[in-house]
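Guided by the hints, dock chain P with the ligands onto chain L, whose structure is given.
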Amino acid sequence: MLYREALNKALDEMMEKDESVVILGEDVGFYGGNYKVTEGLYAKYGGKRVIDTPIAENSIVGTAIGMAIGGLRPVAEIMTVNFSLLAMDQIVNQLAKIRYMSGGKITLPVVVRMPQGVAKQLAAQHSQSLERIFASVPGLRVFVASDATTAYYGLKFAVSIDDPVIFLEHELLYHEKMEIEEEKNFSPYRARIKKEGDGITIVSYLKMFHDTMKAVPTVEKELGVSCEVIDLCSINPLDVSTIANSVKKTKHLVVVTEEPKTGAYADEIIYRVIEDTFYELDAPPLKICGEDVPTPYNRKLELMSIPTPEKIATEIIKWGKKHGI
Amino acid sequence: MNKSYAEQFYYLMKLGRVFELRAKEEYMKGNIGGFLHLAIGEEAVHVGAVLGFGKGDIFVHYREHVYALARGMEPKNVMAELFGKVTGVSKGKGGSMHLYDPKFNFYGGNAIVGAHLPHAVGTAYARKYLGDTTGVLAAFGDGATNSGNFFEAINLAATWKVPVLFLCENNYYAIGTRIDRASPFTDLYIKAKEYMPVKQVDGMDVFAVFEAVREAKEYIETEGKPYFIEALTYRYEPHSMSDTGDYRSPRELKIAKERDPIEHLKRVGIERGLLTEEYINFVDNKVEQIVEEAVRFALESPEPGEEELYNDVFCEVCTDVIS
Ligand SMILES: Cc1ncc(C[n+]2csc(CCOP(=O)(O)OP(=O)(O)O)c2C)c(N)n1
Ligand SMILES: [Mg+2]
Chain L
1 MLYREALNKA
11 LDEMMEKDES
21 VVILGEDVGF
31 YGGNYKVTEG
41 LYAKYGGKRV
51 IDTPIAENSI
61 VGTAIGMAIG
71 GLRPVAEIMT
81 VNFSLLAMDQ
91 IVNQLAKIRY
101 MSGGKITLPV
111 VVRMPQGVAK
121 QLAAQHSQSL
131 ERIFASVPGL
141 RVFVASDATT
151 AYYGLKFAVS
161 IDDPVIFLEH
171 ELLYHEKMEI
181 EEEKNFSPYR
191 ARIKKEGDGI
201 TIVSYLKMFH
211 DTMKAVPTVE
221 KELGVSCEVI
231 DLCSINPLDV
241 STIANSVKKT
251 KHLVVVTEEP
261 KTGAYADEII
271 YRVIEDTFYE
281 LDAPPLKICG
291 EDVPTPYNRK
301 LELMSIPTPE
311 KIATEIIKWG
321 KKHGI
Chain P
1001 MNKSYAEQFY
1011 YLMKLGRVFE
1021 LRAKEEYMKG
1031 NIGGFLHLAI
1041 GEEAVHVGAV
1051 LGFGKGDIFV
1061 HYREHVYALA
1071 RGMEPKNVMA
1081 ELFGKVTGVS
1091 KGKGGSMHLY
1101 DPKFNFYGGN
1111 AIVGAHLPHA
1121 VGTAYARKYL
1131 GDTTGVLAAF
1141 GDGATNSGNF
1151 FEAINLAATW
1161 KVPVLFLCEN
1171 NYYAIGTRID
1181 RASPFTDLYI
1191 KAKEYMPVKQ
1201 VDGMDVFAVF
1211 EAVREAKEYI
1221 ETEGKPYFIE
1231 ALTYRYEPHS
1241 MSDTGDYRSP
1251 RELKIAKERD
1261 PIEHLKRVGI
1271 ERGLLTEEYI
1281 NFVDNKVEQI
1291 VEEAVRFALE
1301 SPEPGEEELY
1311 NDVFCEVCTD
1321 VIS
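In the order they appear, the protein sequences are chains L and P.
Number 13 in the working numbering belongs to position 13 of the first sequence; there are no gaps in the numbering.
Number 1252 in the working numbering belongs to position 252 of the second sequence; there are no gaps in the numbering.
Hints are not guaranteed to be accurate.
[As the list claims (entries may be wrong)] Here are the simulated SDA-like pairs of lysine to any residue, each with C-alpha atoms no more than 25 Å apart in a straight line:
| no. | chain 1 | residue 1 | chain 2 | residue 2 |
| --- | --- | --- | --- | --- |
| 1 | L | K36 | P | L1309 |
| 2 | L | K300 | P | K1257 |
| 3 | P | K1257 | P | E1026 |
| 4 | L | K120 | P | K1257 |
| 5 | L | K120 | L | L130 |
| 6 | L | K311 | P | D1312 |
| 7 | L | K261 | L | M304 |
Keep in mind the hints are simulated off the structure, nothing from the lab.
Values in this document were obtained by computation on a predicted structure and should not be read as measured data.
Here chain L stands alone, though its shape is the one from the complex (with noise of 0.2 Å):
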């Protein structure tokens, strides 16, 4: 099965369960989805469920407002992140306000999923990662997936809670080839430990949570120790407790981020675990992100621009040099 499949297998699933769960955005419909997430479902729950809109960002998560409030649970489709720009407005101001500012009388199950981050050359408009934005925005929730079982259980949960979520894909992700795993209790509040180890915690989501499992022999082979690779499914909230308690054990913190490095979301997963963990760490976090500039075209420079695996490992194994690992 491929990512987006599972993305796909959880729309299905949602919408069969529940009529109030209706899809919008463009070319979801007819076109079955720019990266083909919505495929077949304009042809199983027609247009009525799953509705084209014309390229109209702010109002399609405005009006997705509506129709939660409505009584209906919308699924938006922001095409990429990088268009929710256009719909900030919508996402700051209302989605994540109106049930605060209702004292809790108006609740808003919406779901705005999107893909993010850097693909392959598509510029500096259409390669960016914003999830420091939306994490920093009270109200929302921020779910992330890095792969088929995060995908299709997060996607799920989301759908199924009645708070606002912004649920982010990968837009390398789509197309890999992985298996949904059979989870019993799956919470997107648990971060999972993706690889056990005793000697640094490396925490990432999305593609670098790919990138860093390939780093991973390297830096074990070069370090002589053995890393936790712990993957998020949320970033707001973030499950502090897990990344805290497997540092305590291997005394070593690492995070692995896309976005630009300043202001980058590691640097709020930094804090927040240091604040539990100060005296247990042997050495200083390690935080590696992109490069503070918007992303070049030309291949080289974008792969400079980013976090890579053969990057992560040399920049862990350097600190880990320099700091007696």
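Same frame as chain L, now just chain P with the ligands:
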């Protein structure tokens, strides 16, 4: 219509076509990456608009190679940009969707649908403020007319009374969504007609586009107000190289191609004595050479150096603050 215009139309439309067909090949070979949006089939709109408009600033969406070439940007520097080379018009940092060159009053290449429309209005305001009454051209697709940016921009242009020509290329599709699935009416000039004069033209006829744009340009500059043109056209290729285009029937495509703008120009041009077979043959050979040379130039050009990663983020480097 004089002969030299017809010859320029033919030269630029053919150059655009051959350039883009070659870009497609180079994309398949892996020499060009990212999104590549081809305007094959739409050349009459792009060339007719640039020549009809003449002097003035141009803002376009991401389907802009032919606009850039018609504006006079060097094919080799445009091709090099597609190849991501440092000799490209944007030093290889922007790619196909982001061709910029102020020397040619050319301001993109914008990859956010509708985002450049307020830019055009603002630039027209600034030019007027500085005592320059030259008009500004903003070209965009049918899909963009559904965006908030579009409605805000036409309202502003009409309220501020600035000389912007809004040129809508109606090719009936926004990626895989046909216009009637996203708009209550398919004649898009209706959206602007309460704000400014509007006109619908056959976008497969370069003479018609040229005349309409020329008249509109004269209007916006003498009246100091905006104008809206809808050009009916068709893109032969899928939305971009990563689209299959299977939402359009082969029949629909065939009918569109029967009205090919280059074939139309050839026929009418010869009929009216504006073009000759010799000239056509001459251009056909010439553009092949130019494009071949552009590809060679792009291939042989160096990639941007590593120092380019942080160059151009800001004008100034705050060395005293940043170590
Ligand atoms: C704000 C925004 N939303 C969505 C997209 C994705 N997108 C790119 S092109 C496009 C279709 C635009 O169609 P149209 O305006 O008709 O121009 P055409 O491609 O036909 O020339 C869409 C939806 C985008 N680039 N920007
Ligand atoms: Mg279109």
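Going through the hints against the structure:
no.	hint	result
1	L:K36 - P:L1309	33 Å, violated
2	L:K300 - P:K1257	39 Å, violated
3	P:K1257 - P:E1026	23 Å, holds
4	L:K120 - P:K1257	32 Å, violated
5	L:K120 - L:L130	17 Å, holds
6	L:K311 - P:D1312	24 Å, holds
7	L:K261 - L:M304	13 Å, holds
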